[in-house]
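Undergrad: The listed protein sequences derive, respectively, from chains A and B.
Under numbering that gives the first Met the number 0, the first sequence has 11 at position 12, and the numbering climbs by one with no breaks.
Under numbering that gives the first Met the number 0, the second sequence has 34 at position 35, and the numbering climbs by one with no breaks.
By construction, these hints were calculated from the structure, which means they are not laboratory data.
Some hints could be false.
Claimed, not checked - Only part of the chain B face toward chain A is listed, based on derived beta-carbon distances under 10 Å:
no.	residue
1	V13
2	E23
3	I25
4	A31
5	Q40
6	S44
7	D45
8	L48
9	S54
10	F58
11	D60
Beta carbons are placed, not taken as given, at the ideal position from N, Cα and C, and that holds for glycine.
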Amino acid sequence: MCDQTFLAATFGPCDSCGKASPLMNIYVKNEPINYCSFCVEMMACQGLQSGETLTSLKKESENLKKKLEEERGKLTDVELHQVAEKVEAVAALSIKTRRVLKGHGNKVLCVDWCKDKRRVVSSSQDGKIIVWDAFTLNKEHGVTLPCTWVMACAYAPSGCAVACGGLDNKCSVVPLSLDRNENLAAKKKSVAMHTNYVSGCTFTSSDMQLLTSSGDGTCALWDVESGQLLQSFHGHTADVLSLDLAPSETGNTFVSGGCDMKANVWDMRSGQNIQSFDSHVSDINCVKYYPSGDAFASASDDATCRFYDLRADREVAVYQKDSIVFGASSVDFSLSGRLLFAGYNDYTINVWDVLKGNRISILFGHENRVSRVRVSPDGTALCSASWDNTLRIWA
Amino acid sequence: MSTTNNIAQARKLVEQLRIEAGIERIKVSKAAADLMSYCEQHARSDALLVGVPTSENPFKDKKPCIIL
């Protein structure tokens, strides 16, 4: 499934010398160019300062990495859990399963809440997306897509549309109609086109722009109306598995995590990678911003969840236990940011105290891997999606 | 061919690291204090943290009334 095709070979006239030959499709400053291999060699040798060789560049990057560690280390005067010792411990939580949403025919892969705090959209391996009313368990809409493994789904801010994507390498937007009899699949509009599976998608502040992450190692920002690519984000060296948009007050950035074990923070306007964190030792399955926008958490196959502060530019907490050996697939914060809900491949959801670093409780109930956990927009409930074909609402 | 890829990649890496090394950072103690104050400010409205009475939470089923 993780098939990377960074340099896809095609045949045709070279953009530089005009000769027909096998072409390397590469990106220079986010612009795709098709050069034959000879012209790529020539281009790479241009602009090499005298004496600049592979070894000198490697040495410089090692030095820079060391400098980066030193700079980060200088500001580590105390650990987060030490500062948090003076905070009261969290009282026992009374969170239980309040609803079980049954209806999918196969593994539920993704879930997202609507801003109205009661509707959720879920997508499944069976190729369907379902919009549920979480209060009444009513299924309001169902759309069958031509592909299986719909790995990503998102609700539009207006509540009038949903986006979904997966193994079809596309992300499509489906407008939700109030007319029950209308065939929603017919109105589906393809917006994003990637060269590998779509792993995550989210609308930006309006219904007009869509941000996607893909197994082809890139993230991209699309205009929904025209389907045009507005900005692409290159920097990951393997599949990107997850992305999250910064909460609106803090501006135009988003964080992504992937199979290269890195979490990158990007500027949406310039496409620039502004910060990078690589303390995980296995694939990062999920990234999520802290409600204030100054930090984010990540969940990984290495059975840990980690918490990174953006202004201090470092990891400030690791949520792990020797007894937890299964990978974490998804994380989300409670409204105040004090609780971190993490779904694991051992069928449980662990609730961590973000500040103190200890586990507060375990939520049991699912009968297979938990694929996604999402807290409702007003913080009253948690929705979890699982490979046991159901979703659960916890409150 | 692999050498040119490596040079281009190495150059990109060096440029990226230069950008990252140059950003402004604050001390962990200040960052931690800000995170804690955010949590405290919003703790009261966090339903999953403090719990809300059954009557107010739309997901918690109200106990059926017994009419005597």
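Undergrad: Closer than 10 Å between Cβ atoms is the bar; does F58 of chain B clear it against chain A? Give me holds or violated.
TA: holds (4 Å)
Undergrad: Quick check on L48 of chain B please, does its C-beta sit within 10 Å of some C-beta on chain A?
TA: holds (6 Å)
Undergrad: Can the hint on I25 of chain B be confirmed by a CB-to-CB distance to chain A that is less than 10 Å?
TA: Cβ of I25 of chain B sits 5 Å from chain A, so the hint holds.
Undergrad: With chain A as the partner, please determine if A31 of chain B meets the hint condition of a C-beta pair closer than 10 Å.
TA: holds (4 Å)
Undergrad: Given a cut of 10 Å on the nearest C-beta pair, is the interface hint for S54 of chain B held or broken against chain A?
TA: Hint violated; S54 of chain B Cβ to chain A Cβ min 13 Å, cut 10 Å.
Undergrad: Is the hint on D45 of chain B kept, meaning its closest Cβ partner in chain A is under 10 Å away?
TA: holds (4 Å)
Undergrad: Min Cβ distance, S44 of chain B to chain A: is it shorter than 10 Å?
TA: holds (6 Å)
Undergrad: Does the CB of E23 of chain B sit less than 10 Å away from some CB of chain A?
TA: holds (8 Å)
Undergrad: Min Cβ distance, D60 of chain B to chain A: is it shorter than 10 Å?
TA: holds (7 Å)
Undergrad: Holds or violated: V13 of chain B as interface residue toward chain A, Cβ cutoff 10 Å?
TA: holds (5 Å)
Undergrad: Tell me if the interface restraint on Q40 of chain B is satisfied: Cβ within less than 10 Å of some Cβ in chain A.
TA: holds (8 Å)
Hint compliance for this structure: hint 9 alone is broken.
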